[in-house]
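Put the complex together from the two separate chains, hints included.
Sequence lines, in order, name chains A and B.
1 is the number of the first residue of the first sequence in my numbering; add one for each residue after it.
1 is the number of the first residue of the second sequence in my numbering; add one for each residue after it.
No lab work stands behind these hints, which were simulated from the structure alone.
Be aware that one or more of the hints could be misleading.
[As the list claims (entries may be wrong)] If you want a taste of the chain B side facing chain A, the calculated C-beta under 10 angstroms gives, among others:
| id | residue |
| --- | --- |
| 1 | Y25 |
| 2 | Y36 |
| 3 | Q38 |
| 4 | G41 |
| 5 | Q45 |
| 6 | F51 |
| 7 | A86 |
| 8 | F90 |
| 9 | F100 |
[Claimed, not checked] Listed below are the simulated DSSO-like cross-link pairs for lysine-lysine, each with C-alpha atoms no more than 30 angstroms apart in a straight line:
| id | chain 1 | residue 1 | chain 2 | residue 2 |
| --- | --- | --- | --- | --- |
| 10 | B | K68 | A | K20 |
| 11 | A | K41 | A | K20 |
| 12 | A | K66 | A | K55 |
| 13 | A | K64 | A | K20 |
| 14 | A | K66 | A | K41 |
| 15 | A | K41 | A | K14 |
| 16 | A | K64 | A | K14 |
| 17 | B | K49 | A | K41 |
| 18 | B | K68 | A | K41 |
[As the list claims (entries may be wrong)] From the derived model, a few chain B residues whose C-beta atoms are all more than 12 angstroms from chain A:
| id | residue |
| --- | --- |
| 19 | R22 |
| 20 | D54 |
| 21 | Q58 |
| 22 | G105 |
| 23 | L111 |
All C-beta atoms in this analysis are idealised placements derived from N, C-alpha and C, irrespective of residue type, glycine included.
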Amino acid sequence: GAVVSQHPSWVICKSGTSVKIECRSLDFQATTMFWYRQFPKQSLMLMATSNEGSKATYEQGVEKDKFLINHASLTLSTLTVTSAHPEDSSFYICSARPGQRTDTQYFGPGTRLTVL
Amino acid sequence: AQSVTQPDIHITVSEGASLELRCNYSYGATPYLFWYVQSPGQGLQLLLKYFSGDTLVQGIKGFEAEFKRSQSSFNLRKPSVHWSDAAEYFCAVGASGQNFVFGPGTRLSVLP
Numbered sequence: 001g002a003v004v005s006q007h008p009s010w011v012i013c014k015s016g017t018s019v020k021i022e023c024r025s026l027d028f029q030a031t032t033m034f035w036y037r038q039f040p041k042q043s044l045m046l047m048a049t050s051n052e053g054s055k056a057t058y059e060q061g062v063e064k065d066k067f068l069i070n071h072a073s074l075t076l077s078t079l080t081v082t083s084a085h086p087e088d089s090s091f092y093i094c095s096a097r098p099g100q101r102t103d104t105q106y107f108g109p110g111t112r113l114t115v116l
Numbered sequence: 001a002q003s004v005t006q007p008d009i010h011i012t013v014s015e016g017a018s019l020e021l022r023c024n025y026s027y028g029a030t031p032y033l034f035w036y037v038q039s040p041g042q043g044l045q046l047l048l049k050y051f052s053g054d055t056l057v058q059g060i061k062g063f064e065a066e067f068k069r070s071q072s073s074f075n076l077r078k079p080s081v082h083w084s085d086a087a088e089y090f091c092a093v094g095a096s097g098q099n100f101v102f103g104p105g106t107r108l109s110v111l112p
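Only chain B is shown next, with the shape it has when bound in the complex (with noise of 0.2 angstroms):
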């Protein structure tokens, strides 16, 4: 069965410094990889997603991510973080026509 894990539970930055959000999953084929990041009380905004092509994609609000096949990752990362992105951010792993599986999800904090 899929899964999704995120192993950081809390990450704390200062504001200007690089960030980068862990994600692995298992699945049994190749997968459509999401980010989705969530503010307190809101819902979900899709961030960046991959299906095929370029292993390097590029998101809303600077992010990109990385997928990469032998290390079943999909990794986000920002050069700058902004305290606009202190959030909730979660990855999802799902495929045509499935649904999706959304990892624990990680607290980012920004110092200011």
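Only chain A is shown next, with the shape it has when bound in the complex (with noise of 0.2 angstroms):
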């Protein structure tokens, strides 16, 4: 139980182009899903919090405008990076917690975005 996948797995874009990035909860209701970035050799750092059917919580730094997010329903949460340029080069992962538990977020096994 307690699954999360991400789609895609990876993905090549061109410079200014928009990609969009989804994580679903495949076997449990998430009420609040999470979007992490990951650079190399490096640790997590949470970009946003999503809330189904409410706007998400940027973290301090995250251009919202930038990266969308979209909490449409209980078992799916979109982010779309817009206009992506090569710093935006990657791992994205997403995790999710089940219902009104507050104690443990499940993850996703992560997206590898590569901006040419």
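Take a look at the structure:
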């Protein structure tokens, strides 16, 4: 149980294009989902917290107009990197918190984004 | 503000040897503590977690961790390391309704 998927697992795009990454909780409902960014050989940095049916809460320094987050249902959150640039290349990982439980997050396998 | 430190950036052990990965945290209240493992190019897998009660917690893959409040530590241990344990290990701290804060990670290499 508690499986989180991400799609795509990797994507290469041209500079200036937009890329959408999906995060799904497969066997549970996730009231809250989180989006992290991880640079090579570094730890995870929280980008934003996404609650179903409401606007995402962004961490300081994260451009909300560049990283659009939509949490349309209890099993799906999407991250859209708009007008991507090479510096946006990174490993993006989502996690989901089951229902009202506030103790554990289950992580997706990550999406490798490369912007040329 | 809460923070997590993992003093060892990289540890190398021989297969079959014991392992201890250190984690120290700074938090205003009793935190929830987690250890996650990440293989290259993969997401994070939960090894174990501590919320309350017994300070020695057992996890998957033969790992255990001990919460020591007096030292603000939550060190991860394994009595005998396998080659498949080579990965990046992250300690994280959180609290009810709060976001996770991750440590910088410790990379484990295992010698045959």
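Evaluation of the provided hints:
1. Y25: violated (14 angstroms)
2. Y36: Because about 7 angstroms separates Y36/B from the closest Cβ in chain A, which is inside the 10 angstroms limit, the hint holds.
3. Q38: Hint holds; Q38/B Cβ to chain A Cβ min 9 angstroms, cut 10 angstroms.
4. G41: holds (7 angstroms)
5. Q45: holds (7 angstroms)
6. F51: holds (6 angstroms)
7. A86: For A86/B, the interface hint is violated, since the closest Cβ of chain A sits about 15 angstroms away, which is over 10 angstroms.
8. F90: With a minimum Cβ separation of about 6 angstroms from chain A (threshold 10 angstroms), the hint on F90/B holds.
9. F100: F100/B check passes; min Cβ-Cβ to chain A is 6 angstroms, inside 10 angstroms.
10. K68/B x K20/A: This hinted pair is violated, its Cα atoms lying about 43 angstroms apart.
11. K41/A x K20/A: Roughly 24 angstroms between the alpha carbons, so the hint for K41/A and K20/A holds.
12. K66/A x K55/A: Holds, because 15 angstroms separates the two Cα atoms, which is no more than 30 angstroms.
13. K64/A x K20/A: Distance ~14 angstroms between K64/A and K20/A Cα, so the pair holds.
14. K66/A x K41/A: Roughly 24 angstroms between the alpha carbons, so the hint for K66/A and K41/A holds.
15. K41/A x K14/A: Judged against 30 angstroms, a Cα distance of about 24 angstroms means the pair holds.
16. K64/A x K14/A: Holds, because 21 angstroms separates the two Cα atoms, which is no more than 30 angstroms.
17. K49/B x K41/A: holds (23 angstroms)
18. K68/B x K41/A: holds (28 angstroms)
19. R22: holds (15 angstroms)
20. D54: At about 16 angstroms from chain A, D54/B clears the 12 angstroms cut-off, so the statement holds.
21. Q58: holds (16 angstroms)
22. G105: violated (5 angstroms)
23. L111: holds (20 angstroms)
In this structure, the hints that do not hold are numbers 1, 7, 10, 22, in rising order.
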